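Residue numbers (our numbering), protein chains in the order written: chain U, 62 to 384; chain C, 2 to 561; chain P, 48 to 411.
I should point out that these hints are in silico values taken from the structure, not numbers from a laboratory.
Predicted model, so just to flag it, every value in this text is computed and none were measured.
One or more hints might be untrue.
[Stated by the list, open to error] Ranges between beta-carbon positions, derived for each pair:
1. U:195 with C:284: 33 to 39 Å
2. U:107 with C:95: 53 to 59 Å
3. P:76 with C:73: 53 to 59 Å
4. C:95 with P:79: 48 to 54 Å
5. P:76 with C:90: 24 to 30 Å
6. U:195 with C:367: 42 to 48 Å
7. C:428 with U:107: 57 to 63 Å
8. C:420 with U:107: 47 to 53 Å
9. U:192 with C:310: 25 to 31 Å
10. C:73 with U:172: 37 to 43 Å
Ideal placement from N, C-alpha and C gives every residue a C-beta, glycine not left out.
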Amino acid sequence: MSTTTTSIGAKKPLADRLPIISHLRMSAGLQRGMLVAGLVLSLIFILAAALAPLIAPFDFAQITDAEGDFPTQAAPGGKFIWGTTVGGFDVFSRTLWGAQTALLVIVMAVVCSIFLGVFLGLVSGYIGGWLDRVLVVVADAIYAFPSLLLAIVMSIVISQGQSSLWGGIMAAAISITVVFIPQYFRVIRAETVRLKAEPFVESAKVVGASTWRIMFKHVFRNATRTLPLIFTLNASEALLTLAGLGFLGFGIEPTKAAEWGYDLNRALSDATSGIWWTGVFPGVAIVLTVLGLTLVGESMNDLGDPRLRMRRKKKRTSGKGAA
Amino acid sequence: MSQHGTPKIATADGRVLSIEDLQVTFTTDAGEVDAVRGVSFEVAAGEVVAVVGESGSGKSVTARTVLGLLAETATARGAVVLRGNNMLALTGRQLRAVRGEDVAMVFQEPSTALNPVYTVGWQIAEGLRAHGKVSKKQARARAIEVLGRVGIPEPEKRVDYYPHQFSGGQKQRVIIAAALALNPAVIVADEPTTALDVTVQAEILELLREVRDEFNTGIVLITHNMGVVADLADRVVVMYQGKVVETAQSLELFSAPREDYTKALLEAVPHLGRNSASAGMSERSGQDKEVLVEATNLEITYPGRMGTPAFKAVDNVSLKICAGEVYGLVGESGSGKTTIGRAIAGLNRTTGGSLKVLGYEMLNFKERTFKPLRQEIGFVFQDPAASFNPQLSIGECVAEPLLVHRKVTPAQARARVDELLEAVQLPKAFADRFPHELSGGQRQRASLARSLALDPKLLIADEPTSALDVSVQAKVLELFKELQTELGFAALFISHDLAVVDMLSTWVGVLYRGKLVEEGIGSQVMSNPSHQYTQRLIASLPVPDPVEQAIRREAFLKTG
Amino acid sequence: MAIMTDTVEEPSAPPALKATAPKAGGSFARYLVTRFLLIFPTIFILVTLVFFLMRVTGDPITAALGGRLTPDQLAERIAAAGYDRPVIVQYFEYLGQIFTGNFGRTISDNRAVTEVLTTYGAATAELAFNSLVIALLIGIPFGLMAAKLRDRWPDAILRVFAILCYATPVFFAGLLLKLIFGVWLGWLPIAGRAGINAELELTSLQNPTGIYLLDALRSGNMEAASDVIQHAILPAVALGLLTAGVFLRLVRTNVIGTLGRDYVEAGRSRGVSEYRLLTKHAYRPALIPIITVMGLQIALLLGGAVLTETTFEWKGLGFMLAQYLTARDFVAVQGIVVLLAVIVAVTNFIVDIIAALIDPRVRF
């Protein structure tokens with residue numbers, strides 16, 4: 062016992078508390094494979110987003126260089142390894158830059174909705190009463206409605222349609238936020254209501270702890286354990302919503318930023334004439350990113366639940382295996 | 002199907018089941034765990050063999066191997082020979098042929114062992130249909146027959162009922178009926194009465210006895226309750242940490258246990274009528290002292306949800322707890338005992354009558370005005386695992402009352418936590434551990450430490466030991482007694498276990514469906530109950546002594 | 048869309064609206080009535096939300112026609128339509144109109160909104176129905192299979208398949224399908240609901256249902272029917288796969304939950320076969336939460352329908368909605384959105400009632 066007298070209790074080792082690392086440590090077999098695959102895909106996405114300015118041979122809105130105008134609808138090969146679009150954009154560059162846009166929107170949307178959703182869910186679930194009832198009905202109504210449509214309506218309200226890079230990103234992020242708040246609200250509220258009946262919360266009540274103390278010291282820390290998981294799952298939904306907005310023409314202007322959904326919209330008519338490269342590359346980028354994020358989230362969900370967790374089932378010869 | 006009614010006799014010596022050197026290994030997060038390590042015993046036709054042990058002894062795992070039911074993460078070696086078949090060596094198809102036909106199982110929790118979306122008749126018929134072609138009509142007739150046999154009234158009608166339309170005891174009867182449907186040679190009963198109230202338990206034990214006698218079925222009875230063993234078992238296998246410690250005839254085991262572990266186990270079992278806290282008392286003690294809790298015609302009603310009528314959990318109860326007194330409140334599930342305890346602690350609102358706690362009228366409860374009084378009240382919850390915040394260390398949990406009510410520095414809090422842990426006989430270092438790192442008994446000690454942190458005048462203990470093993474329970478109860486004598490707090494001790502209540506409390510109240518039917522000095526209530534319900538309750542409680550229990554059983558059956 | 052959160056919430060609770068489902072002893076009739084009444088706040092909230100959001104940006108006339116008309120003309124039209132009055136007055140007027148089934152006239156092409164709804168609603172219904180059939184046919188059996196073979200190879204493959212279904216935006220799936228089956232293989236048509244001839248014949252029928260396949264079969268026109276089916280395949284597969292992924296996961300998660308219950312072990316202890324344990328003992332109780340959450344996926348289906356219809360030029364409500372959105376015709380958008388809100392609310396009501404009927408604890 063060499064702890065200083067200032068701390069009443071010690072913490073668990075750091076590695077066991079960090080979400081993804083602790084999950085990786087306890088995973089096994091196929092589950093570990095899925096988690097690793099997800100992590101690799103997510104990492105590639107983040108790297109592509111961060112390094113787009115370095116890797117991309119051209120700017121996202123570039124259609125000419127020193128050698129003259131870019132060819133339109135050029136097949137992959139040579140200078141344009143993934144070909145060019147009908148407008149003369151380089152598909153490879155736009156796909157890379159698209160990762161950057163996607164990452165910015167995801168982070169902003171998810172962070173905003175987490176704060177509001179968690180706060181509302183916690184207060185509503187713990188305090189209950191008429192406020193809770195009203196919020197639940199409102200959240201359920203929004204939840205049951207197609208989120209893409211709401212996001213479109215929001216984006217019209219915010220930006221009157223298309224707009225600049227940051228304006229567009231903010232508009233997309235806020236539209237997605239509004240749609241996601243009910244989801245966080247519902248998850249956190251359900252968890253809060255469950256925790257409220259747990260003996261350890263009642264025990265705090267019997268002790269005489271104030272409502273705020275119970276809510277934040279006892280309920281909050283337990284209710285938000287699943288947040289990293291919701292974070293990854295909603296990140297993929299945010300990306301799909303962004304792409305949907307872009308596809309319907311309510312995203313970001315093509316000259317202000319690259320956006321996969323918009324590129325797919327333009328590629329639709331190309332497909333009719335058999336030009337595949339303008340659509341397939343951004344499309345695959347979306348699929349792989351969502352796949353990666355979802356695999357991470359799914360694996361975390363399974364690993365966090367002892368009933369779903371796989372154990373290493375091996376006949377070890379001498380008891381102690383590698384840790 | 003043809004053998005209905007004809008007992009299936011196994012080998013010439015009457016053995017229907019023999020387990021030889023069974024070993025079961027589980028793969029867990031912590032690596033390989035040997036749950037069963039070389040267990041051997043036999044069961045004869047018409048014999049009840051009780052397998053007893055505390056949690057982690059491997060008794061349930063052993064029982065399930067008899068049906069070839071093993072968790073996916075488990076591997077088993079050795080032999081489980083059931084009427085000539087080694088269950089560990091059979092293929093899936095062969096196993097299915099044997100299950101239900103030769104061996105059947107009765108589960109601990111009747112409410113989860115029945116499928117909520119199918120009628121009980123369908124569920125019984127499923128077992129019949131799995132063993133050869135039977136028409137719907139035949140299956141139904143057989144289901145009605147067995148339901149009638151296990152004492153379900155109007156079986157022709159109730160065969161079409163869904164599980165939720167039966168009471169807990171009836172559900173267990175249905176499960177026994179399903180087990181009997183194909184007249185198996187062996188029935189494995191895994192804690193068949195643990196989830197039931199004592200009065201219902203007595204009836205189910207009686208039913209199992211009839212099954213044994215009438216169908217000559219061998220019964221493997223898994224239990225932790227020595228009273229149940231004394232009541233039903235012919236032979237006893239005592240297990241500890243995956244091994245058989247002792248095997249003996251029931252009478253022999255209780256009168257002359259050979260092994261130290263068995264002796265200690267029997268010693269730890271509370272025995273009604275022994276160790277009474279109120280032995281030799283003739284009047285209620287401490288009536289001159291301050292009255293801490295006074296309920297007058299107390300009523301607590303839970304509002305009904307959507308079309309269901311309101312439920313009166315506590316009905317016209319009057320009681321009084323004085324300073325320094327231990328008040329024992331007993332009753333079965335749904336009697337309202339926990340509701341009263343929670344109302345005193347301000348966790349439930351009262352709806353009628355009067356409840357004064359430390360002079361505060363709970364009918365006008367406001368958290369703000371009640372808060373100062375909270376430091377005078379400690380509360381120990383039933384489930385020690387759930388009553389600690391998993392994110393906080395034991396030290397932080399125990400210090401919580403200090404931090405809320407007193408302005409203390411972390412150093413002072415730490416010093417007090419050390420003191421408290423010492424008082425409940427836990428090492429100081431436990432303050433830095435997290436709740437999940439402690440055993441059940443250790444957590445309950447820590448829970449006691451937390452409730453005593455502010456030297457309360459009143460402690461409410463809601464079934465504090467019902468989640469613990471007997472040997473652990475004995476130690477926690479002893480600690481509770483010591484602390485109570487030393488610190489002199491008053492306590493409301495709530496339990497369904499009459500023997501435990503009698504050991505701790507001098508004054509006892511008996512609740513039945515929200516009403517306080519009897520009150521008195523513990524030893525007097527237990528030995529000479531006046532209300533009919535109390536009489537039945539006490540008579541139905543099995544005592545850990547086969548000879549005494551046989552006499553008590555006769556008496557109970559006469560009360561009907 | 049809450050697609051992935053179903054697993055997260057599984058242990059806690061179905062949506063709060065459902066928390067009112069009665070426990071044992073409750074009266075079913077009373078539940079029915081209460082649940083029915085809950086439809087209205089849901090619609091009301093969405094109508095209110097959409098109305099005010101649309102008005103934040105200004106009046107519908109300026110939005111649709113601003114720049115094309117002179118300021119004087121605009122002001123005249125705004126005054127004529129009553130958009131110069133306080134928003135709150137317009138709101139209550141709108142509520143009253145909706146109640147009488149009057150959704151106003153579109154600004155961009157001056158049609159009655161109700162006419163737009165009835166003309167294009169059938170196409171969306173047809174698409175939604177086809178995709179639902181595909182989703183159920185894939186989702187349920189494969190979900191059961193994945194649950195049974197949990198954590199083995201088939202399960203891993205099915206799970207990745209399910210995630211891929213969900214990870215692929217409908218319009219990308221549509222693009223791929225068009226490219227492969229329409230352009231490269233040339234097997235199937237890539238746009239529209241029917242060929243020109245079939246379309247002409249079907250729209251000139253007496254009292255058409257608007258559902259082309261039904262109309263074709265009713266008039267005995269087998270050639271048209273086959274044409275209609277060919278056109279329906281790709282859009283239905285694109286939207287169906289998206290939903291199938293969700294259903295597969297939903298079935299898998301819930302059946303894994305019930306497979307671990309005591310009553311399944313009890314069935315096993317009586318010798319019931321593993322197949323029957325899966326398809327009867329575990330599946331039926333799992334069905335209650337499955338159906339409830341499937342009901343919520345109607346939103347996913349409708350949201351996906353907008354994208355699918357745009358991708359395949361399938362002239363339904365979603366296609367028209369995208370058109371009107373681009374034209375900034377908010378009267379039309381409002382009308383379509385309100386109709387969708389009604390569909391969502393009513394579907395969820397029906398689904399909850401079905402779930403309650405399956406559960407004997409509610410029925411008795």
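Going through the hints against the structure:
1. U:195 with C:284: 33 to 39 Å: violated (58 Å)
2. U:107 with C:95: 53 to 59 Å: Given about 54 Å between the Cβ atoms, the range holds.
3. P:76 with C:73: 53 to 59 Å: Distance hint for residue 76 of chain P, residue 73 of chain C is violated at roughly 45 Å.
4. C:95 with P:79: 48 to 54 Å: holds (49 Å)
5. P:76 with C:90: 24 to 30 Å: violated (56 Å)
6. U:195 with C:367: 42 to 48 Å: violated (25 Å)
7. C:428 with U:107: 57 to 63 Å: With Cβ atoms ~46 Å apart, the hint is violated.
8. C:420 with U:107: 47 to 53 Å: holds (51 Å)
9. U:192 with C:310: 25 to 31 Å: Holds, at about 28 Å.
10. C:73 with U:172: 37 to 43 Å: holds (40 Å)
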